[in-house]
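**Q** Using the hints, position chains B, C and D against chain A.
There are 4 protein chains.
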Amino acid sequence: MGISYKQAVSEIIEAGQWLDSKGFCPATAGNYSIRLGADDMAVTVSGVHKGYLTAEQIMRTDFSGKPMENKKSSAETLLHCGLYKLLPQMGAVLHTHSVPCTVLTREIKADHIILEGYELLKIFPGIQTHDVKIRIPIFENSQDMVSLQAQVDAVFKKYPQTPAYLLRGHGLYAWAEDMTKTRHVVEALEFLLSCELETLKLRRT
Amino acid sequence: MGISYKQAVSEIIEAGQWLDSKGFCPATAGNYSIRLGADDMAVTVSGVHKGYLTAEQIMRTDFSGKPMENKKSSAETLLHCGLYKLLPQMGAVLHTHSVPCTVLTREIKADHIILEGYELLKIFPGIQTHDVKIRIPIFENSQDMVSLQAQVDAVFKKYPQTPAYLLRGHGLYAWAEDMTKTRHVVEALEFLLSCELETLKLRRT
Amino acid sequence: MGISYKQAVSEIIEAGQWLDSKGFCPATAGNYSIRLGADDMAVTVSGVHKGYLTAEQIMRTDFSGKPMENKKSSAETLLHCGLYKLLPQMGAVLHTHSVPCTVLTREIKADHIILEGYELLKIFPGIQTHDVKIRIPIFENSQDMVSLQAQVDAVFKKYPQTPAYLLRGHGLYAWAEDMTKTRHVVEALEFLLSCELETLKLRRT
Amino acid sequence: MGISYKQAVSEIIEAGQWLDSKGFCPATAGNYSIRLGADDMAVTVSGVHKGYLTAEQIMRTDFSGKPMENKKSSAETLLHCGLYKLLPQMGAVLHTHSVPCTVLTREIKADHIILEGYELLKIFPGIQTHDVKIRIPIFENSQDMVSLQAQVDAVFKKYPQTPAYLLRGHGLYAWAEDMTKTRHVVEALEFLLSCELETLKLRRT
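The listed protein sequences correspond, in order, to chains A, B, C and D. Per our numbering, residue 83 is the first one in the first sequence, and the count goes up by one each step. Per our numbering, residue 83 is the first one in the second sequence, and the count goes up by one each step. Per our numbering, residue 83 is the first one in the third sequence, and the count goes up by one each step. Per our numbering, residue 83 is the first one in the fourth sequence, and the count goes up by one each step.
Bound-form chain A, shown alone (with noise of 0.2 angstroms):
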């Protein structure tokens, strides 16, 4: 990949600030990813606030888990890992948490959810037109990190074009080549997420 490790640092912090400047990433909830190298990443560690992020709270890690110092990883590294691990091109991945992600995936009891006729679908690898339906897996939330990205692992194998994945009353997976554009992915995503739940408001009456 060829970004340096205190440029990854400098990265993450950075995303962090603008996350919650939106909102999504409450409490200690969320963690964030850069791909080093073919079997390394820089990561959030566990129970701090990504907010307000400093160097320390960012460590090194294999993409079987594996510290590679002497931090706590969140049990959720293993699911950056897995994507790293499927999808050698991509190189950042944020997860983020927020209202809307919460409340539509809690209420549609479906295991996707199809984005439809949005311009901002554009923003999508491979997509020209607003023309399309873009499918996002939601997966049931898990405490066992290992069975849940088996079933990632399972809709990649059926769905190899998943740009981003939603865990149930959890939050969002998004990943791009770069911090930069997976930054563009978690906004349009939160974006057509938004839309959603307001058309479900005057839908359901």
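Hints were generated in silico from the structure; no laboratory data involved. This one's a predicted model, so the numbers in the text were calculated from it and none came from an experiment. Heads up, some of the hints might be wrong.
Since the list gives no way to pick one copy over another, a pair counts as held whenever it fits inside one copy or between any two copies.
[As the list claims (entries may be wrong)] When the alpha-carbon atoms are kept at most 25 angstroms apart in a straight line, the in silico SDA-like pairs for lysine to any residue are as follows:
no.	residue 1	residue 2
1	Lys283	Asn223
2	Lys283	Leu197
3	Lys153	Gln225
4	Lys88	Ala232
5	Lys215	Thr110
6	Lys148	Glu201
7	Lys283	His194
**A** This is chains B, C and D only, laid out in the frame that chain A set:
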């Protein structure tokens, strides 16, 4: 017009920061321009985030959309051209995306929305009272800018006082004599469309 | 009173920045004033954005609304005059526009709204408990300020404790002894009217 | 505890600025405290805006609410005292007002709300999974702090793990070992109560 390219760039950058603070330019959505003369404008390039614009991300094109320098213009540049050709007195165009615009234009099936009885309608040129009906056309979203502009042209023939238009599931196009006034039009319309969405929530029971 | 024109200008500019940060002065909406003496005030001029006020955009008028310098006063200056004449102890007036105020006053057909049972009602003069009913009059919007002020005068005769009023589809007028307290009244009322709008959404089913 | 009065003042001022940025301290609402020792705390004084606190607007009282300096304490100081006496390990208390808290507690007639199935519930002490029910009591609002605290004491006897409580039509009381953790509890609960309000809007059809 008399505005220099350098001044236009500065006003476009500042407009982008302001629109981003409102949530009106998610990901790489939106594009903004300022008329420079009888047949040229400064306009944002394709595919960048409009909240963090640099001078490099703004370019000069003529009103056929032809780049006057070696940068990639957005497909929607043609809609800016169309407006400047239709409205010789107009000096700036802002195209924004918001959750209320997006949701309302998907829920309302008509080809326009009527705004009526709001004090804030007095922001529009020539309007001295709230006791008025303002018609905002809604066009079906399209990736074919030539056909879209033809529809815009047709509506202006019938309703020459049209102060802004909406693209369904996409966003708002607004304009005025200069960037300051165009910002006022965007701010007023987004406020009024938020009012309309809240009202629809109350009435759809 | 004792407040200098210079101090009044500074407090009005700061109030505008604060109200803009809340979304309460879209486009050129709203106007603000501070009493200077027994028959004069500092007040915002007509047609400018209240979030970016300069000292040049504030002027002095007497309480008949007559400009005491060569600037264009807003038509609504007369409503500020009316309030200062009715309420000799009042030192500042803020007129704001918000989405909840606008939507609520269009949906509620009555000539007033009752706020009841909220802890925050204790912000109003003389109120020591939440267990109280506060009546906020709603006037039909009008471009005839003389007739509008006559209605305001009539309501004050009947309800001298009125702490603020609403104009339908338009906005809020609030006042207190000084600008700091007037900002508190605006903030409390906008909070409570947001609560009322959310409640109406829940109850209209 | 070991926190100095000076440090407590600084943390309270910063908490106020943060809560104001979220809209959780309209007008003069709310009050905040930090435990200094076995029988004293730093607490905000009565009647000031909590978003712009100065050191002069914070005072020291003992846990009977008796001022240890010549400033006017808020009536609700007694509820802070009550919590510190009940929960010797707790180091900070934040009492906030938000639109979702206010609306929800007025609409839900029960004496508690159950939060269930949210990932964010893991913010509470000892909670390792989203698959849990957290009970937040709702007390009827009252101006009689002694009687109110007696009810709080009674609920803690029955539910000693209570992590926060609500006052109907009034606001939230939250606490933790220190101010940082208390801010996390407030942020998590306000997020979850916003989710509950959005859900109620969807379900009341």
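**Q** To test your reading of the hints: which numbers does this structure violate?
**A** 4
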